[in-house]
Each structure stands twice: as structure tokens, then as C-alpha cells.
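Protein chains in written order, with the numbering used here: chain A, 1 to 326; chain B, 327 to 862.
FYI, nobody ran anything at the bench for these hints, they're computed from the structure.
Keep in mind that the hints are not guaranteed to be accurate.
Said to hold, decoys possible - With a Cα cut of at most 16 Å, we get these calculated EDC-like pairs of lysine to aspartate or glutamate:
1) B:Lys370 with A:Glu48
2) B:Lys518 with A:Glu168
3) B:Lys735 with A:Glu168
4) B:Lys518 with A:Glu177
5) B:Lys735 with A:Asp32
6) B:Lys545 with A:Glu177
7) B:Lys469 with B:Asp479
8) A:Lys88 with B:Glu541
Note that this is a predicted model, so its numbers are computed, not measured.
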Amino acid sequence: MALFLLKRLGQGLVVMFIISTIAFAIQDNLGDPLRELVGQAVSEQEREKLRDELGLNDPFLVQYGRFLKNAVQGDLGTSYFFKEPALKVILTKLSATLELVFGATLIIIFLSIPLGVYTAVHPNGFTTKLILGWSILGISIPVFLTAILLVYFFAVTLGWLPSYGRGELVPMFWGWETGYLTLDGLAHLVLPCISLASIMLPLFIRLIRSEMVEVLSAEYIKFAHAKGLSRNRILYIHALKNTLLPVITVGGVQIGNMVAYTILTETVFQWPGMGFLFLEAVTRVDTPLIVAFLIVVGAVFVVVNTLVDLIYGLINPTVRLTRSAQ
Amino acid sequence: MKTGMNIRSSLRGLRPHASKLKKGIIALSIASAFSVGALANTLKLAYDADPVSLDPHEQLSGATLQYSHMVFDPLVRWTKAHDFEGRLAEKWERVDDKTVRFFLRKGVVFHSGNPFTAKDVAWTFDRLKSSPDFKAIFDPFDKIKVIDDHTIDLVSKDTFPLTLHASTYIFPMDSKFYAGKDDSGADKAELKKHGNTYASRKASGTGPFTIESREQGIKVVFKRFDQYWDKQSPGNVSKIELTPIKEDSTRVLALLSGDVDFIAPVPPNDLDKIRKDKNINLVEMPGTRVITFQLNQKRVKAFADPRVRQAIVHAVNNEGIVKKIMKGFGTVAAQNSPEGYLGYNASLKPRYDLAKAKELMKEAGFENGFSVSMMAPNNRYVNDEKIAQAVASMLAKINIKVSLKTLPKAQYWPEFDKRSADIMMIGWHADTEDSANFAEFLTACPNSEKGLGQYNSGNYCNKKVDELLMQANKETDIKKRSEILQEIEKIQYDDAAFVPLHFQDLAWAARKNVNIEPIVNVMNFPYLGDLVINKK
């Protein structure tokens, strides 16, 4: 186990090193950060002076060397816009994104499992067709549009829910502020979570359904029926457990994706999270922030994949981490 | 059909629950309103950006100036009628060609409680001269002479007509507040871009609002300053919550749903929707930012021929662009100066005439046309990409084949600096609110030593224009100066120095009871201190 984690850590460091090199190499093509820092009337000489001060005129290797030296000490550079360490800026926004992803994940779990099982058990029912038809719709409408339609309907026309932002927050620990503990905060979470879930939910319904259909035709399920076990016990304990391995694999990757790519949802709802931050950083050519973001996202993927591998062992004891690691 | 019914019935199931939720929210917000005070008027404001820093000298941008007008006061400010109005300067007089004397308001205090005196103005002036962004505006000035505690002389190096224009940029800062060292041992007055300076985090001005809290990029909360000097101001807003909402449609939906009270800018695509809403108050105004194309005479020999440039100007249907692409949300331009500026020359008219354009091309010997490259940004100006595409297809009609490339602004400006294309788009707003500024940056013969023609990618150069510009910059008589500036516009028009398209209009929208009409202006600095919110 320890060996496995150690190996994973090593792999993670290599991944992040490669990401940082690529991110650093492309930053020159993102544009000129100075333009976003100064007004239109500032002369070229003046800009050149500022560029020197920021070290932007140094050769690539000098800049990259400096970056690596600082990065090893945990300093990924200072954001031009926020004037604070890039890592700190990202971590303060991370909580907003995680809360959004958490809400969307809850929606996905509590809807996809019953719906997936239902559609597998009643393959030809009317409700099944409705659910599957709707899920095609969910996959094909872009999040952007779903979100705007939701806001238009629930915030503008009906006036039930707020249209943007996080609402009232309660401070927790380590600068974490949560919207889950106030009514206002919860109301603000509803629409963004639904929009974010809308893309992934159909995928999971279909995944669980197809796995379930396969498992239900297995011998041991017939045996369980013959043995006289209750229907729900068969479906949700014996059958479901065996469908979960692929679901967790896909789920892990998708949750990683959600953390990294909440960009659209966060933009529409003015949700102050990481995705929104990244988009802003790109338009402002805030290169230190962009590089740090890519590294953090790389880290998120490494961590999520490691967790998925650990969970495998819990669900299916025949998967041995240590052996596969050797 | 069945799907629709199903959704509706499931919504009916949701309704009682949701209304309970809403009641809860209302109860909460009522409770919080009472805790502030029953008479408190809170304005929820959404701009497309929030100030990058609390230091008013760090970046010369619209957002910074909007912020400066909330937390600080200028010596003088622009009125709606494009005139000057005294703020911290009560009155002023020209002493000689180089000197204007300002009499400062007495009994004004800063947010810190320090009294406002002439020393603060002089201190602020020196700081402005050291700011990379603002030093260009204050370069013509030599110094501020403190006459007594409430009188100063602003002295220019040479005869200078724009002293009042420049003093709209002097927002006196609290010199005592910014004296000494902060916790990290750095000078509190330090002015640094991309630095976590004291002044970028803390502010003390004389303005109508103080800063209660600030989370950059998320929310700034302003509270009315209870010792504000302007007791005449009708303003009754006690608290402002400024949220930057970058996404256009989200900003509009936030207003329509009642989550915010006041938004700017209003995206042109949503104007119709907002006009129709009875609860919303929309204010539109012709703006001062001109959108133009420059024709690079160094890269394309044909552009050095005035007839070819004229042909292009005649081939571009800028009225059509305003009508079709801008959906009427723009004012057709024939020159750089917008109406109301000294240089605005009323005799210059838009000149779309395709037949004449073809004729001019023939005359110049380019009947069969030629090929050129064009570049434009795609996220800087309203509909910039569509406008560039339209112009490219209009030029095809006079056989000029255009290969167009559009780029995000972050990548566009470096290309513009390199003059990478034959035709390049540029929009310009004069920081000084004065016509000479257009010529200085856009059409004067490029000369980096004198700092002229920095954005003249066309390399248009007419010695007469430069000469007139020098004259205008020394002429303090408004009438004479106006004549000179109008002559510059006329010469540029006859030379077809650039392709004028339109001025971008401005729009603000607010809920009906928020009376924004009197406080918005063409500079786009809403004077929020004077904003009145009526009882519903």
C-alpha cells in the first residue's frame, strides 16, 4: 500500500513537471501581459521598462529555471492581477468549485442509480423511453444553454431562485467558506449544480443501465431469485455492487473533469471558482496564474485517480494494489 | 405533448416547496435589512469589471476612474453637458499662460479624519507624475505651487490649454494616511504595478463612499461616508455592493430577475429585451470611442495614393454597419472627434458612395484591385469581428481582396505594435476628453522621441497636421483652439487619413426606482454619490 502510494507520488511529480514545462513553453503565445496591466497611452519605452522589472525579457531557460527553483519551494509565481501568490489565489477559489462539484455529484449519484436500475429492469416501459429520450436531450444541449434557460425560467420568469453568485456564506476552517449552511447559500447552489450535473447525469444513467442489464442476466442473479431473496436486495445489493467497478472508473475521471472544467457553468453563474478564474486569467494573460492552474489541475487528476484505485480494492477485493504496483 | 405535461405536473409538485424556500429567503433578507437600519438604501451594482487595485494611480482604465469617483473626489469634474464643475476646487482662475490658480474647498475631511489641504493636492500631483499610466497626462506640467492651505497654482512647462482637463484626473489622496511604513516595512505611498502595496489594499480619500470590504473579482462593498462634505448632493444611497459580472447575458438576467439594481454596460443584443421591460429604466447615449481602420502606407504602396484611400473610405458603408451590425447602437463617424468636442467639425459628413469609389480606383490605376491583409481584435470592441468581416466584403466590391485575421485582444496588441497587417482596426477614446489626443496618438507622424503617433499603424504623415497640433497645444483661447482642431479634422478627412466607422454608444440600465438618468455621463463615470433611489 505504502509502496503503491509512493510510486503514485513519483508519477504525479513527473506529470506535473511535464505540465509545467508545456505550460511555460506556450505562455509566450498567449499574448503580452503588459497590455493588460497598463493603460492605452503608456509608451513603448515605459512598457519595456516594466517588462524588464517583471523579468519577461530574460531568455526562456533563465525564466524557466527561476520558475522551477521557486516551484520546488512551493512558490508557483505571483498573479499579475491578484498580486498574491498564484497557488493561494487558486486554493481560495478551489472551495467554491468543490462545493459546486459536490452538489452536482450528489444530484448525479441520487438520480443516476435509481434511474439506471429502473431502466434496466423495465427495458421497454414508457417511463424508460422517457428517461432515455430525455437523457439524449441532456447530452446534446450545451451546458451554457441549459444554464441560461434555467436562469431565465427560475430566476427571471418565476423569481424563485437567484441568478448568479454564491449568496450568503459561512466561514469554516482554512479560509473555506461554505454555502451549504445557509438557506440563501443553498438557493444559490441549486441552479449551478443542476446545470453542471445535466451533462454528466445522462452518461451515468446509461452506464449503470448497460452494466445492470448485463449483470441481471447472470446466473447468480437467477439463483438469488430462486433462493427467494427480496427483489430490492437482489437489485441494490447483489447486482448493483457488481456494476460499480466501471462506474467508479468513469466517475473518477469525470469528477476530475468537473473540477477542472466547470468553466462554462461558473461563467454563466458568475460563480467565483477555479474555472471562472482560469478563463479570466487567459483573457488577462495572467501567465503565472495560468501555469499554476494547469499544475493544480494535473494534481487533482493524479489524486482522483489514486483514490479511484484505492476504492477498487474496497469494492472488489480481488484487485490487489501492491501486487500490481510491483 | 406528453413530455410537456409531465414537466409541468412535476413542477406543480415543486412549487409549494420552492415558495417556502423563497419566503425563508425574504425573511432572512428583511432581517438583515433591519439590522443595517430601516432607512438604508442599498444599491446592488453590476459592472463588467471591478477595479484592479484600490490605488487610483496604478492603472489608467475605466474601472479605476469609476472607482476613483466613488472613493475620491477630483479637483473638478465633467458635467453631463461636457462642461467643468468644481469639486474639491471651489473655483479657479487663469493667472497667466502657464498658471491656473485653484481655490480649494474648506472643511473637507478624508475618510481617516485628516483634514484636506493644499499639501495633499501637491503630494498627489507628485505621485501622479511618477505613475507610468498617468505621467503622460501630467507631463506638460512643471509643478504645483502651494500658496496657502487652501490655494494652489498648477504650473505648466509651456503655454497649455488643457489644465482643467488634466485636473479632472487629480483625485487628492490623504498624504498623512499614506505616510510611513506598512507591516512588511514597505513605504505606504509605494506605487507599483503587480505589487501587493499598501495603497493597493487600503484607501483614504474624500469621496462619498468608503470601502467596507473587498474580495477582488467577487464583490466590493462601499458604505456612505457620514462626514462627506457635499451636503447639497441629493444622493441617498447608503451602501453599494459592486459585483463584477463579466458574462453579458448573466449581467442582463441578474437585472431582469431583480438580483441587481443597476448594470453597465448593457450588451447591444439585449437592448430590445430591456426596452420592453416596464420595470427597467434604460439610458442610452452616443459615446466618444471612435472605431477606425488604418491603412498602412509603408506596407502597401497603393495606400500612399490618397485616391486609393478615398476609394476605400467611399466603399465602406459605415451607416449600414451601424444599422445592421450595431443594431442602431452606434453613431456614424466621419472624423475622430465626437460631437461636443472642440475639434468636432460639423461640415464633415459620412461619404459612402460605391460608384465614386470605383471611379477613384480606376483613376488611380487600380481598377483590377490588389490583395491586402487585415487584422482586427475579436473581444475588444463591440462586434469588432463582425465589423471587420463586413468591411472586408465591402472592399471586395472595389476589387480589393482582403485576407482577414481576427485575434483576442491579448494577442492583437503585440501584432498591432509590430504593424503586422496592411489594414488594422483601432478604437480610441481620448483620455483627455479633447480632440488633440486623437491626432497625437493616431494620425501624427510617428515619432517615438516626441511620443507622437504611437498608434499610427497607417504611417499617415502630414506635416501640416503636426504643425497645427503643436499650435493647438499652445493655444489657450478656446475659440481659436477649436478652429485649429477642426481644421485638423478637415485635412484628415480630405486626405482620407483613416477609415472612420462609428462611435460606440453607451447604455446603462437600472430598476425603475433607481434614478440613474441624472448621474450617468458620456465619460462613463456614473456619479454614484449623487444617485437617488426612490421609494417603491
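Non-conforming hints, listed in increasing numerical order = Structure breaks hints 1, 2, 3, 4.
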